[in-house]
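Sequence order for the protein chains is A and B.
The UniProt record's numbering numbers the first residue of the first sequence as 1 and each following residue consecutively.
The UniProt record's numbering numbers the first residue of the second sequence as 1 and each following residue consecutively.
Treat the hints with care, as some may be off.
Any copy, or any two copies together, can satisfy a pair, since identical chains are not distinguished.
[Claimed, not checked] Okay, derived cross-link-like pairs now, EDC-like style, lysine to aspartate or glutamate, Cα gap no bigger than 20 Å in a straight line: (1) Lys336 <-> Glu260; (2) Lys336 <-> Glu258; (3) Lys34 <-> Asp56; (4) Lys271 <-> Asp299; (5) Lys271 <-> Glu260; (6) Lys253 <-> Asp329; (7) Lys45 <-> Asp56; (8) Lys37 <-> Glu152.
Just so you know, these hints were derived from the structure itself, not from any lab.
None of the values given here were measured: they were computed from a predicted structure.
Number of protein chains: 2
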Amino acid sequence: MNRLPIKELPWLSATGPYSTIVISSRVRIARNLKAFKFDAKLTDKEAENLLALIADVLKTSTEGEYFDFSLLNPIEIQSLLESHLISPDFATSKKKRGLFLLKSGNCAIMINEEDHLRIQALVSGFDFEGSFEVANRIEELLDSQLELAFDETFGYLTSCPTNVGTGLRVSAFLHLPGLVLTKEIEKVLRGAMTIGLAVRGVFGEGSDIRGNLFQISNQITLGSSEAEIIETLKRPTEQIIQYELKARDSLSKHAPIELEDKIFRALAILKSARLLTSIEATNLLSAVRLGVEMGLIKDYSLALINRLMILLRPANLQLYLGRSLTPNDRDIERAKLFQRMLRDGG
Amino acid sequence: MNRLPIKELPWLSATGPYSTIVISSRVRIARNLKAFKFDAKLTDKEAENLLALIADVLKTSTEGEYFDFSLLNPIEIQSLLESHLISPDFATSKKKRGLFLLKSGNCAIMINEEDHLRIQALVSGFDFEGSFEVANRIEELLDSQLELAFDETFGYLTSCPTNVGTGLRVSAFLHLPGLVLTKEIEKVLRGAMTIGLAVRGVFGEGSDIRGNLFQISNQITLGSSEAEIIETLKRPTEQIIQYELKARDSLSKHAPIELEDKIFRALAILKSARLLTSIEATNLLSAVRLGVEMGLIKDYSLALINRLMILLRPANLQLYLGRSLTPNDRDIERAKLFQRMLRDGG
Numbered sequence: 001m002n003r004l005p006i007k008e009l010p011w012l013s014a015t016g017p018y019s020t021i022v023i024s025s026r027v028r029i030a031r032n033l034k035a036f037k038f039d040a041k042l043t044d045k046e047a048e049n050l051l052a053l054i055a056d057v058l059k060t061s062t063e064g065e066y067f068d069f070s071l072l073n074p075i076e077i078q079s080l081l082e083s084h085l086i087s088p089d090f091a092t093s094k095k096k097r098g099l100f101l102l103k104s105g106n107c108a109i110m111i112n113e114e115d116h117l118r119i120q121a122l123v124s125g126f127d128f129e130g131s132f133e134v135a136n137r138i139e140e141l142l143d144s145q146l147e148l149a150f151d152e153t154f155g156y157l158t159s160c161p162t163n164v165g166t167g168l169r170v171s172a173f174l175h176l177p178g179l180v181l182t183k184e185i186e187k188v189l190r191g192a193m194t195i196g197l198a199v200r201g202v203f204g205e206g207s208d209i210r211g212n213l214f215q216i217s218n219q220i221t222l223g224s225s226e227a228e229i230i231e232t233l234k235r236p237t238e239q240i241i242q243y244e245l246k247a248r249d250s251l252s253k254h255a256p257i258e259l260e261d262k263i264f265r266a267l268a269i270l271k272s273a274r275l276l277t278s279i280e281a282t283n284l285l286s287a288v289r290l291g292v293e294m295g296l297i298k299d300y301s302l303a304l305i306n307r308l309m310i311l312l313r314p315a316n317l318q319l320y321l322g323r324s325l326t327p328n329d330r331d332i333e334r335a336k337l338f339q340r341m342l343r344d345g346g
Numbered sequence: 001m002n003r004l005p006i007k008e009l010p011w012l013s014a015t016g017p018y019s020t021i022v023i024s025s026r027v028r029i030a031r032n033l034k035a036f037k038f039d040a041k042l043t044d045k046e047a048e049n050l051l052a053l054i055a056d057v058l059k060t061s062t063e064g065e066y067f068d069f070s071l072l073n074p075i076e077i078q079s080l081l082e083s084h085l086i087s088p089d090f091a092t093s094k095k096k097r098g099l100f101l102l103k104s105g106n107c108a109i110m111i112n113e114e115d116h117l118r119i120q121a122l123v124s125g126f127d128f129e130g131s132f133e134v135a136n137r138i139e140e141l142l143d144s145q146l147e148l149a150f151d152e153t154f155g156y157l158t159s160c161p162t163n164v165g166t167g168l169r170v171s172a173f174l175h176l177p178g179l180v181l182t183k184e185i186e187k188v189l190r191g192a193m194t195i196g197l198a199v200r201g202v203f204g205e206g207s208d209i210r211g212n213l214f215q216i217s218n219q220i221t222l223g224s225s226e227a228e229i230i231e232t233l234k235r236p237t238e239q240i241i242q243y244e245l246k247a248r249d250s251l252s253k254h255a256p257i258e259l260e261d262k263i264f265r266a267l268a269i270l271k272s273a274r275l276l277t278s279i280e281a282t283n284l285l286s287a288v289r290l291g292v293e294m295g296l297i298k299d300y301s302l303a304l305i306n307r308l309m310i311l312l313r314p315a316n317l318q319l320y321l322g323r324s325l326t327p328n329d330r331d332i333e334r335a336k337l338f339q340r341m342l343r344d345g346g
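Same shape as in the complex, but just chain A (with noise of 0.2 Å):
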């Protein structure tokens, strides 16, 4: 591959609604073929099988890509996982694996994660509707070539109880700052987990949270159509986004020196440290994006930032320069991005 995908990600263009919070939506839809067994019984050569099969639908498909697991190295693996385009198991299963990456890259397909099909499609800013259509409309071609596992009483059947029926989940990757600083999160989120929604942090593991960023999504999708999915995520998404503008507009009127002192040392570290690590660049970041966000900082586009958050992480940064590089030389690597992104104004 060698080619990072980043470059064309259109989710990372700040131009959906309130992108100044929500930086992504997406939708991933699981589905199975009928005449093959579930992931958990499915063996080696059956799996192989499977690939080739699917593989040879998608390599008739002028609208993208189609890539074998097998041929990629882990830098360009994990580059994939940092971009969101495939899932942490995906990118760990010892399975044999492939994916269709779309050309207008919004929508990519993973062939036997979980599911044998994971159609997953991320647009920009709060657009669940949007995301849907995406990842819907290549259900439906994937759909009429192939033939799936249904029921008329389930829906669609999948490898996990909790994915059947629509075999949908929703997500939002949210920026949320405000609730960080004016120390809300906590109450916030766990008022979405208790009306049955996942929250994690998106970079950190458990609850370490960086860069603020979190992901929200539904749990269950049985027993649902889905819009209603799409309504029990798209409600508390809404009110999390008033909660975070709030919490913006308190700290502008209360805290505004504090806030600034912040966000321009943040900018101005980022601007000339000669080490950086991914976890201080993430947090770093966080703060300058806050700063663009609320007009602050006039100088950078949201979409630079977000095209920056996620070109530092490790393989995408290696894959960027096109050389593998320890991880001390990564950490001047970055820095060096930094300064050359930020004091070029991208």
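Use these hints to put chain B onto chain A, whose structure you have.
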């Protein structure tokens, strides 16, 4: 008073020998008047008479200006202390005090400190002889007009026995970031203490090092000539200078990127922060100073850095801006000052 003496303080000029390490060399001569009791036994009335007598002599001089301490406000007194023109004891004393500041800016006479007269001279860089010359000339002038307490056997008599003889105390104000970064500082300072020298952080309390600034001085003056006392401090200071140079050299060789990272982050924060406490500013300025001293930063003179180091202190800042400020407002104004001075290159 209401004028900040630091504009004219020659000891901040960074022109003397080794001024990349030794900020200033100070000499203090203690003298007492024969006709008056020593400090501990001096009544308030006697202290007042003593002050009036000395003030009358000093006021005839065209070399400087006399200040009655009872006419100075607490910010002005604090500013004199921050500018190294008076001692901490003198600043907080309840006695009737007076100060004579030489126009040249390199010498001050405290009246009614622990001794009746304390003549203190400060010059830029590593130059004890130069500093002694200034103080000695003033001492001779006073000696010609006042009858000083002198004993043929012991020499000049002082309030505290440790000062008897020459009444001379010599000290150097050192910037030792290299030894702090290489963690050799403790060993080096312990070595100095072993041979009877006093070492302390300049702005911090106790063991709290701020801005990597240290003061080294002799402790005992009895039984040695002036030249011997100067020599006692000169050799170990020379050695510390060599250790510091070696430490800086080692940092350039073995950790050049970590060093640059530290220096350029500090500069970026000083230029961009909206809130700066005096502790943080002092520490950041130390890193910038190291950058200037090592030629990594070429936009600023050491004289500017020295000036900022003194100007950033609370009372100096308020006098400079011509108004009294709350601690929080000081942090805001300090940040503005750094932005202005460093963005405009001073």
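Verification of the hints:
no., hint, result
1, Lys336 <-> Glu260, "between (24 Å within a copy, 13 Å between copies)"
2, Lys336 <-> Glu258, "between (28 Å within a copy, 14 Å between copies)"
3, Lys34 <-> Asp56, "within (17 Å within a copy, 109 Å between copies)"
4, Lys271 <-> Asp299, "both (13 Å within a copy, 17 Å between copies)"
5, Lys271 <-> Glu260, "both (16 Å within a copy, 13 Å between copies)"
6, Lys253 <-> Asp329, "between (42 Å within a copy, 17 Å between copies)"
7, Lys45 <-> Asp56, "within (17 Å within a copy, 107 Å between copies)"
8, Lys37 <-> Glu152, "within (19 Å within a copy, 110 Å between copies)"
Going down the numbered hints, you'll see the structure goes against none, and every one checks out.
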